Every structure is written in C-alpha cells, then in structure tokens.
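**Student:** Note that the protein sequences, when read in sequence, are chains A and B. The first sequence begins at 1 in our numbering and counts up by one. The second sequence begins at 1 in our numbering and counts up by one.
Read the hints as simulated data drawn from the structure, not as lab findings. Keep in mind that this is a model prediction, so the values were computed, not measured. Be a bit skeptical, because a hint or two may be false.
To be verified - Simulated pairs of lysine-lysine, DSS-like, Cα-Cα distance not exceeding 30 Å:
id: 1; chain 1: A; residue 1: 8; chain 2: B; residue 2: 236
id: 2; chain 1: B; residue 1: 227; chain 2: A; residue 2: 91
id: 3; chain 1: A; residue 1: 218; chain 2: A; residue 2: 8
id: 4; chain 1: B; residue 1: 69; chain 2: B; residue 2: 101
id: 5; chain 1: B; residue 1: 74; chain 2: B; residue 2: 90
id: 6; chain 1: A; residue 1: 128; chain 2: B; residue 2: 52
id: 7; chain 1: B; residue 1: 230; chain 2: A; residue 2: 70
id: 8; chain 1: B; residue 1: 441; chain 2: A; residue 2: 306
id: 9; chain 1: B; residue 1: 279; chain 2: B; residue 2: 182
id: 10; chain 1: B; residue 1: 101; chain 2: B; residue 2: 116
id: 11; chain 1: A; residue 1: 91; chain 2: B; residue 2: 353
id: 12; chain 1: A; residue 1: 134; chain 2: B; residue 2: 52
id: 13; chain 1: B; residue 1: 116; chain 2: A; residue 2: 134
id: 14; chain 1: A; residue 1: 91; chain 2: B; residue 2: 176
id: 15; chain 1: B; residue 1: 434; chain 2: B; residue 2: 508
id: 16; chain 1: B; residue 1: 353; chain 2: B; residue 2: 60
id: 17; chain 1: A; residue 1: 91; chain 2: B; residue 2: 292
id: 18; chain 1: B; residue 1: 176; chain 2: B; residue 2: 279
id: 19; chain 1: A; residue 1: 134; chain 2: A; residue 2: 16
id: 20; chain 1: A; residue 1: 128; chain 2: A; residue 2: 75
id: 21; chain 1: B; residue 1: 441; chain 2: A; residue 2: 304
id: 22; chain 1: B; residue 1: 441; chain 2: A; residue 2: 128
id: 23; chain 1: B; residue 1: 116; chain 2: A; residue 2: 91
id: 24; chain 1: A; residue 1: 218; chain 2: B; residue 2: 182
id: 25; chain 1: A; residue 1: 218; chain 2: B; residue 2: 441
id: 26; chain 1: A; residue 1: 8; chain 2: B; residue 2: 230
id: 27; chain 1: B; residue 1: 62; chain 2: B; residue 2: 353
id: 28; chain 1: B; residue 1: 176; chain 2: A; residue 2: 8
id: 29; chain 1: B; residue 1: 69; chain 2: A; residue 2: 136
id: 30; chain 1: A; residue 1: 75; chain 2: B; residue 2: 182
id: 31; chain 1: A; residue 1: 218; chain 2: B; residue 2: 69
id: 32; chain 1: B; residue 1: 477; chain 2: A; residue 2: 128
id: 33; chain 1: B; residue 1: 353; chain 2: A; residue 2: 8
id: 34; chain 1: A; residue 1: 136; chain 2: B; residue 2: 52
id: 35; chain 1: B; residue 1: 52; chain 2: B; residue 2: 74
id: 36; chain 1: B; residue 1: 227; chain 2: B; residue 2: 90
id: 37; chain 1: B; residue 1: 441; chain 2: A; residue 2: 309
id: 38; chain 1: B; residue 1: 182; chain 2: A; residue 2: 70
id: 39; chain 1: B; residue 1: 182; chain 2: A; residue 2: 128
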Amino acid sequence: MQFFNSDKIYDLMRYKIPFLGLSLFLFLASLGLLSTKGLNFGIDFVGGSVIQVKYTTTAPIDLIRAELEKTQHLKNAVVSEFGSDDEVLIKITNTSTDLGSDIGDQITSILAPTGEFELRRVDMVGPKVGNELKEKGIIALSLTLLVILIYVSFRFEWRFAVASIIALVHDIIIAIGFISLFSVEVNLDILAALLTILGYSINDTIIVFDRIREGVSKSISDDLNHLVNHSISNTLARTTLTSLTTLFVVFTLYLFGSEIISGFAFTLLIGIVIGTYSSIFIAATILVQLRFSVNDFRQKEAEKVKKQKEKDRIRAMYEKGIV
Amino acid sequence: MNFFNYRVIIFLLCSVFGIVFTIPSIIQSDFGQKVSLGLDLQGGMHIRLGVKTDEAVQNKIKSISTSLKYFAQKDNILIEDFRFDESSIKFVLLDSDEMKKLDDELSTIQGLDIIKDDLLNYTITLQVQEIELVKDMAVSQAVETIRNRLDQFGLAEPTVIRQGISDIVVELPGIKNAEEEKQARELIARPANLELMAVDEVRDDQVYSLNERTARDYGSIIVPDAKDDKIKHLLKELPILTGEDVVDARVAFDESNQPIINFTLSSAGARIFGDFTAKNIGNRLAIVLDGKVYSSPVIRERIGGGSGQISGGFTIIEAGNVAIALRSGALPASVEMLEKRSVGPSLGADSIKASMIALVGGFVLVMIFMIVYYGYAGIISNLALISNIFIILAVMALFGATLTLPGMAGIVLTVGMAVDANVIINERIREFLKEGKSVAKAIEDGYANAMRAILDANITTLLAAVILYAYGTGPIKGFAITISIGILASMITAILGTHGVYLTLSHKITKAKNTRKWFGLKQG
Chain A
1 MQFFNSDKIY DLMRYKIPFL GLSLFLFLAS LGLLSTKGLN FGIDFVGGSV IQVKYTTTAP
61 IDLIRAELEK TQHLKNAVVS EFGSDDEVLI KITNTSTDLG SDIGDQITSI LAPTGEFELR
121 RVDMVGPKVG NELKEKGIIA LSLTLLVILI YVSFRFEWRF AVASIIALVH DIIIAIGFIS
181 LFSVEVNLDI LAALLTILGY SINDTIIVFD RIREGVSKSI SDDLNHLVNH SISNTLARTT
241 LTSLTTLFVV FTLYLFGSEI ISGFAFTLLI GIVIGTYSSI FIAATILVQL RFSVNDFRQK
301 EAEKVKKQKE KDRIRAMYEK GIV
Chain B
1 MNFFNYRVII FLLCSVFGIV FTIPSIIQSD FGQKVSLGLD LQGGMHIRLG VKTDEAVQNK
61 IKSISTSLKY FAQKDNILIE DFRFDESSIK FVLLDSDEMK KLDDELSTIQ GLDIIKDDLL
121 NYTITLQVQE IELVKDMAVS QAVETIRNRL DQFGLAEPTV IRQGISDIVV ELPGIKNAEE
181 EKQARELIAR PANLELMAVD EVRDDQVYSL NERTARDYGS IIVPDAKDDK IKHLLKELPI
241 LTGEDVVDAR VAFDESNQPI INFTLSSAGA RIFGDFTAKN IGNRLAIVLD GKVYSSPVIR
301 ERIGGGSGQI SGGFTIIEAG NVAIALRSGA LPASVEMLEK RSVGPSLGAD SIKASMIALV
361 GGFVLVMIFM IVYYGYAGII SNLALISNIF IILAVMALFG ATLTLPGMAG IVLTVGMAVD
421 ANVIINERIR EFLKEGKSVA KAIEDGYANA MRAILDANIT TLLAAVILYA YGTGPIKGFA
481 ITISIGILAS MITAILGTHG VYLTLSHKIT KAKNTRKWFG LKQG
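Based on the provided sequences and hints, a complete structural model is requested.
**Tutor:** In structure tokens, the structure reads:
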C-alpha cells in the first residue's frame, strides 16, 4: 500500500505565502486568546484542593452544593460531574496545612448527609509548592528549547536551528491557544504533553532538514526552493505515516484512557497535528526565508570534509612514521 | 547465508532479556524484581511536609535555658531576672566571684554569642551558623523520627525523604481507606512533646486571673487541661524533663481497664527526676503532652525508678500512636502540609484498566496498519515493537522504577513513536528498490541513509525527556522514564534488530522477487 507517489515532487514553496499567512493568523489568534481568555490553571500551578467523590448511586450534585454552601470557607467550591453520573469533582481554592484534619476529612464530615460515598482522590497543593512547580515548568520549557537550539546548530547550521525553534514556538503557542480555547485545565500533565510535543515536532522537522542537508551535499540542485520541495516530498510519506500511527494511539488514549488523562491526550492530539503541519509547511519555509545559502553550506561542508581528509592524511603519515 | 549475524543475536538476546524479566511483573510472582506501581495506580498517599524550622531554634533556646538554670541551681550560683524569648536568653549574675564558674559552663555549649556588661547583665544568642545547623538538624531529625514512626505503624514500604532545605516528602502506598489515612497523618503530625513540669504552687489558685504576660513575669506559663480546655494549670516555665529523656514507652491498662502509657526515663533523666521529687515532696508534678496537662499528681516521696505514666482518656488506637511517637522521639519542630495527593485503591484500579485498554487498542491498531501498509516488512517492525515493550518493562523492573499513569501514557506514546524508525527505514528501502537496486543493496543503503536522521531525531527527543525528568515531579518523572527507556530500546529493536532480521532473510527476499508482499510496493 502507498499513500503518496514518491516520485512526484509537490511544489509546496509556491504556496508558502498562504501557509505562512495561516500560521501567522493561528499564532496571533492564540496570543489573543491567551491575553484575553487566558489559561484555566489547575491546582498544580495556583494551589488549591481537588476532591473526587464517588457515590454508590447517582451523585446528588445540588445537595452537595447546598451542604458545601453552609461552610464559610467552602462557599466558592466548584462541583461538577466527573466521567460518570455517580462521580463528582469538587474544586476548592483553599488549602489546609493541618495534617490532623485535612480538606478530605472536612469534606467527609460535611457531605455525610448526602448519601453513601467514597473519597477516591484528594489533591491539595499549597501556594508555595504551586509557585515552585510553575517556576520549574517554565525552566523546563525554556531549557528544552535551548538544548534543541544548541544540538541542531551543532549538527546542522544556525539557520536550521533558528528555523526549527521558530517552528517549535509556533507549535507550542498554537497548542496553548487551543488549550485556552477549549478551557482545558492546565496542570503538570499538560506541561508534560507540551514538552512531548516539542520532542515530537523537532523529530519531524529534523527528518525533513536531514533530507535538505543530504540534498545539498548530493548536489541535486542549487535552487533552494527546488531542493526544499524535493526533500519535503520525499519525506512526506514518512511524516504522515508516523503522525498517523502516533495519532492512532493518542486517539485511543483520548477515547478510552481515564478522565484524568483526557486533557493530556487532548493536548497531544492537537500538538501532533500542528507539529506535523509545521514540519511540512512551515519549518523549511522559514529556512528559505532566512536566506539559507546552498552554496555557502556546500562550501562549509566541503571544508569540513577537506579538514577531515587533511587530518587523516597527517595521521596516516604519522602512523607510517614519516613525521 | 549468514543466519546468525551479530545483529540478530543481539536482538534475540535483548528480547529474551525483556521477556524473562517482565514475567515476574505480569504473573505477580514473589520471585524476582517487579515493576512497582506508582501511588496513582495502586492507591496511596503522597504528602510534602514543611518543617517549621524556626520552632526548632526556639526549642534550642529553651533547652539551653533549662540546662543553665539546672546548673545554676545545682552549683548555687545566684542569678536573677532570668528570661528568654524566641532568640535570646537574658539574666543577671549577682555575684561577680562566680563569673568564672558560669563562663566555664557557658563555654561548654557550642555556638553561643555571649554579651555581658559591667553590671553582669548577660545576653546570650545563637550564632548564625549555629542557627543554620539547628535548622538543618531539625529537618534531618524530623525525617528520622517520621520514618521510625511510620515503620512502627505497620504499613508496607513507607518512604520518607528530605526535599530541598526544609521539606520532607512522605509516600505511603497501599493505604486501604480514609480512616487509615487519617491515622497515618495524625501519627506523622503528632509533636509528641512530653514535658514533666512543676506546678507553680504559690500562684496556681490565681491562674484564672492571670494572662500569658503576667504569668511569664513570675516565670510560669498557663497550660490547658487535656480533658477540658477550660481548666487551666499554672506551671513553672522550665520543664524538669522532656521527651528527650524517654527511652521507652508502652501501652498498658490501669485498674479500671483504661489504656495508659508507661514510659521509662534514661539513667540521667532518672537521676534528675529523683533529685527533683526528693526536693519537692508535697508539691504537684504535671505531666504535659503536646501542650496539654494530662495529670498532676502530688509527689508523696522521692521517685527513683525513673518511670512514669500518662493517663487521661485515650482510646486504644490513640494510646498506641502516642506510645509509638514517644518511642521514636519528639518532632524537633512541628510540620505543616504543603502538598498532598491521595488516591483511593479503586480509582487506581480504574486507571490501570482504562490505560490498558488504550495501550492494547492503540497497539493493535498500529500493528494492523503496519502489516497492511508494508506487508512482511510490517510484521518485522511489529516484532521489534513487541520486543520494545518487553524491554521497557524489564528495565523498569530491574531498576526498581515506578510505573505511573503518565508512565503508562509514555508507553502508549512510545508505541506510536517506536515504529517511526521503521517507517523511515522502510520508506528508504522502497525508494532504493524503485531506483532498481537489488534487495540486499536496497536494505544496506536504506539503513545507512536512514541512520543519521533517526539518530538526530531520537537524540533530540531524548534530550527533551531528560529535561522533563530533571524538572518534573512525581508522576511526570515516570513519563520521562518510560519515554527515555523506550527510545533507547527502540534503537536496539527497531534499528539493529530489524536490520539483522533482513540480513538473515535477504536471500529469501531476493529469491521471492515479490516486493509487494515484502515491502508493500506496487508492482511494476
């Protein structure tokens, strides 16, 4: 079976303006959403408590709300159904630092009149820990970008690195835009998903860049546009196939994974689609826009080869005992 | 025909390794290393505690005060106006002749800054390094104490580790219900500060007309009763003995069959206790636990045996907890809960079920797709994929890594990504076959050309995973672990392994002359 005719070269560079425009639109729209709607941060980053309660029968949500209302510091609790109708999630902005009587114990006694239930999960994150997690999250994201920048510069050339970083930032921002649009609750797992998208998207981009690098050294053409078209078309089957297999599993994770992991799976789903799109339509386009020069790169590569040969020659001489 | 080339051998060895070391985890045998499940999958409690280290410094000041006062009394050194607060001790030495003796005693205590003026007003504070040391000691001692308590509580494999400067992470897997969880929390939090204190016999009858400040001026403090908060006792501020001098504590029953706690003092403690009781016959002695008076019996005679009891309406469970806490020592400072995550066992089981469905479902989908798209080459990739999963589980079992819910997601994701290498390779092989290369040559060039891209791609993903591990917490670390192991394992299975299989079969493939069957290529 074959999806794409591998002999065909698609002239993607001809449509670079519309694609760049679409990306720019999505990017700006995401930034707009972020600044107006913002993100729905969960307790991991802002602190608070989450209690998951499972009833033996259908959960009496109104009754639960009424009982919680009676207690002063639980007035702002948000009660919602979770996964099925016998299970509810209670979110509270308060935290209790007292070990002897924690928020779970309080909820247990307050909800006693509402029926038979079991506390399945009690999460409490104090403000100090929340700030720390936020800090660590930002460090992790920036560090990952930095490390990728260094690695790609080292393996390719700085323009490749800059182009891939721009593509990555593009992916992350748009993914965050969707997270904001769909009000996905942002906790540590979403951060993990974003970092996975980074890894995944750079993976895709590198495969395309590798082809460009190969094309340059094999002297397929001096015309960068043509070279890029060639490389993207050659890798098109691989890029879509891998995305497809990954999408299969992430989609099953989204459908059948538990409620707790659905935000994570959703973020991955979005990220993989955008990551694939940017690897095909954006990353190489930016490389072209950065005025990557085929001849310069070829010269540098040739020099590298020359240097290596020189080294080998000297070593050979040394080994033979001439020097 | 090179049936057993080194690639196939390595692949087979790794697969056997993977299967053998995964078996104990799958059949849950008692032999061998198993993959341990994270708290989110098996249920349990994770809490992060903050130690209030300032309290430890205050306690240090207090204990220095106690020993100074004891010393002065013993050696008949007259000091007056003795007072202490959170950070300093102040007093006046009445007789300058005794200055040397006092200074000698003070010099035996480390880390003090001593200021005295011409009028023999002493001001004693702790040096900055000493304060840091006290705080540091307090945290490590709290870790030790909490660990001891939980070990005696009888839960399987509690973990207590220090995190950062003043935090402690406690993980308790296998908690069965909310009641047990609450008990464990209470046990951790109980300061277990036992103090034997003298009742201020002169002013005890005025206790209700005094406030904290005025009581303090007399060198006394007001302490509530354990049975009823409204009942107050006026006690001498400095304790005679503290829990530090307790070497053992056991639950026993009194005449009316109520649970009580018998404690035994160290020999030094017993001596101090003996001296005190001898001098104070007819006065009362208060037994104070965590800032509450449990009893205040009248001293009838010198008590030399060095033992005592705490009674006062305990339930059996409570008495047991107090005894454990006393045996394992007092917390040097109280702790507060900064973060808590607890998952009930039923939720953990649900999560396992849900992610297993996703894992198996995704896995089957990918395998079917690979066979449909690539033919026999797809089967070879699938072999690598299956082997990959076994290797991930085996490595996790061997290193005692924990499988968490995000870790499960990591494995699911690895399934999707591990076929990537094979997709890249297969696409390359197809290209070369189309160019008219022979099967053997196409395989060789396909692997050679794909290698660079696969390595670059895998290394960048691995870098991201390492950072995720370094900056992630708890369950997220589990995700980073499974992804990292998955990538490394895929290098062996998907690159080396499949290459070996092709080499072994290359004669057969050449003979078959059917690239459609073998690589899913359109004929012609």
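**Student:** A separate judgement is required for each hint: does it hold in the structure or not?
**Tutor:** Each hint tested on the structure:
1. Between residue 8 of chain A and residue 236 of chain B, the direct Cα distance comes to roughly 95 Å. Violation of the 30 Å bound is thereby established for this hinted pair.
2. Taking the CA atoms of residue 227 of chain B and residue 91 of chain A, the gap is near 36 Å; set against the 30 Å cutoff, the hint is violated.
3. Note on residue 218 of chain A and residue 8 of chain A: the hinted pairing holds, with a Cα-Cα distance of about 19 Å set against a maximum of 30 Å.
4. Of the supplied pair hints, the one linking residue 69 of chain B and residue 101 of chain B holds, its CA atoms being roughly 14 Å apart against a limit of 30 Å.
5. Only pairs whose Cα atoms come within 30 Å are accepted, and residue 74 of chain B paired with residue 90 of chain B is accepted, the gap being roughly 19 Å.
6. For the hint linking residue 128 of chain A to residue 52 of chain B, the alpha-carbon distance of about 14 Å falls within 30 Å, and the restraint holds.
7. This hinted pair checks out: residue 230 of chain B and residue 70 of chain A have alpha carbons roughly 28 Å apart, not beyond 30 Å.
8. Distance restraint check for residue 441 of chain B and residue 306 of chain A: the Cα-Cα separation of roughly 28 Å lies within the 30 Å cut-off, and the hinted pair is therefore satisfied.
9. In summary, the hint linking residue 279 of chain B to residue 182 of chain B is not supported, as the alpha carbons are separated by about 44 Å, beyond the 30 Å threshold.
10. Pair hint residue 101 of chain B plus residue 116 of chain B holds up; C-alpha atoms about 15 Å apart against a cutoff of 30 Å.
11. With a C-alpha separation of about 25 Å, the suggested pairing of residue 91 of chain A with residue 353 of chain B holds against the 30 Å cut-off.
12. With a C-alpha separation of about 23 Å, the suggested pair residue 134 of chain A and residue 52 of chain B falls inside the 30 Å cut-off, and the hint holds.
13. Distance hint between residue 116 of chain B and residue 134 of chain A is unfulfilled; the C-alpha atoms sit about 49 Å from each other, more than 30 Å.
14. With a CA separation close to 24 Å, the supplied pair residue 91 of chain A and residue 176 of chain B stays within the 30 Å bound.
15. Pair hint residue 434 of chain B plus residue 508 of chain B holds up; C-alpha atoms about 19 Å apart against a cutoff of 30 Å.
16. A C-alpha spacing of about 52 Å is found between residue 353 of chain B and residue 60 of chain B, which places the hinted pair above 30 Å, so the restraint is violated.
17. Among the hinted pairs, residue 91 of chain A with residue 292 of chain B is inconsistent with the structure: their alpha-carbon atoms are about 36 Å apart, more than 30 Å.
18. Among the hinted pairs, residue 176 of chain B with residue 279 of chain B is inconsistent with the structure: their alpha-carbon atoms are about 52 Å apart, more than 30 Å.
19. Between residue 134 of chain A and residue 16 of chain A, the direct Cα distance comes to roughly 37 Å. Violation of the 30 Å bound is thereby established for this hinted pair.
20. Pair hint residue 128 of chain A plus residue 75 of chain A holds up; C-alpha atoms about 23 Å apart against a cutoff of 30 Å.
21. Note on residue 441 of chain B and residue 304 of chain A: the hinted pairing holds, with a Cα-Cα distance of about 28 Å set against a maximum of 30 Å.
22. A hinted pair counts as satisfied when its Cα atoms are at most 30 Å apart, and residue 441 of chain B with residue 128 of chain A does not qualify at roughly 61 Å.
23. With a C-alpha separation of about 57 Å, the suggested pairing of residue 116 of chain B with residue 91 of chain A is violated against the 30 Å cut-off.
24. A C-alpha spacing of about 69 Å is found between residue 218 of chain A and residue 182 of chain B, which places the hinted pair above 30 Å, so the restraint is violated.
25. Taking the CA atoms of residue 218 of chain A and residue 441 of chain B, the gap is near 19 Å; set against the 30 Å cutoff, the hint holds.
26. The straight-line distance between the Cα atoms of residue 8 of chain A and residue 230 of chain B is roughly 90 Å, outside the 30 Å bound, and the hint therefore fails.
27. This hinted pair does not check out: residue 62 of chain B and residue 353 of chain B have alpha carbons roughly 55 Å apart, beyond 30 Å.
28. Using a Cα cut-off of 30 Å, the hinted pair residue 176 of chain B and residue 8 of chain A is violated, with the two alpha carbons roughly 62 Å apart.
29. Between residue 69 of chain B and residue 136 of chain A the CA atoms are separated by roughly 49 Å; this puts the pair beyond 30 Å, and the hint is violated.
30. Of the pairs offered as hints, the one joining residue 75 of chain A and residue 182 of chain B holds, with about 24 Å between alpha carbons and a cut-off of 30 Å not exceeded.
31. For the hint linking residue 218 of chain A to residue 69 of chain B, the alpha-carbon distance of about 89 Å lies beyond 30 Å, and the restraint is violated.
32. For the hint pairing residue 477 of chain B with residue 128 of chain A, the CA-to-CA distance comes to about 20 Å; that is within 30 Å, so the pair holds.
33. For the given pair, residue 353 of chain B sits about 45 Å from residue 8 of chain A by alpha-carbon distance, which is inconsistent with the 30 Å threshold.
34. The straight-line distance between the Cα atoms of residue 136 of chain A and residue 52 of chain B is roughly 24 Å, inside the 30 Å bound, and the hint therefore holds.
35. Pair hint residue 52 of chain B plus residue 74 of chain B does not hold up; C-alpha atoms about 34 Å apart against a cutoff of 30 Å.
36. The suggested pairing of residue 227 of chain B with residue 90 of chain B is violated, with an alpha-carbon distance near 35 Å, which exceeds 30 Å.
37. Taking the CA atoms of residue 441 of chain B and residue 309 of chain A, the gap is near 27 Å; set against the 30 Å cutoff, the hint holds.
38. At most 30 Å may separate the alpha-carbon atoms for a hinted pair to count; residue 182 of chain B and residue 70 of chain A meet this at roughly 24 Å.
39. Under the criterion of a C-alpha separation no larger than 30 Å, the hint pairing residue 182 of chain B with residue 128 of chain A is consistent with the structure, at around 23 Å.
Hint violations for this structure: numbers 1, 2, 9, 13, 16, 17, 18, 19, 22, 23, 24, 26, 27, 28, 29, 31, 33, 35, 36, all remaining hints satisfied.
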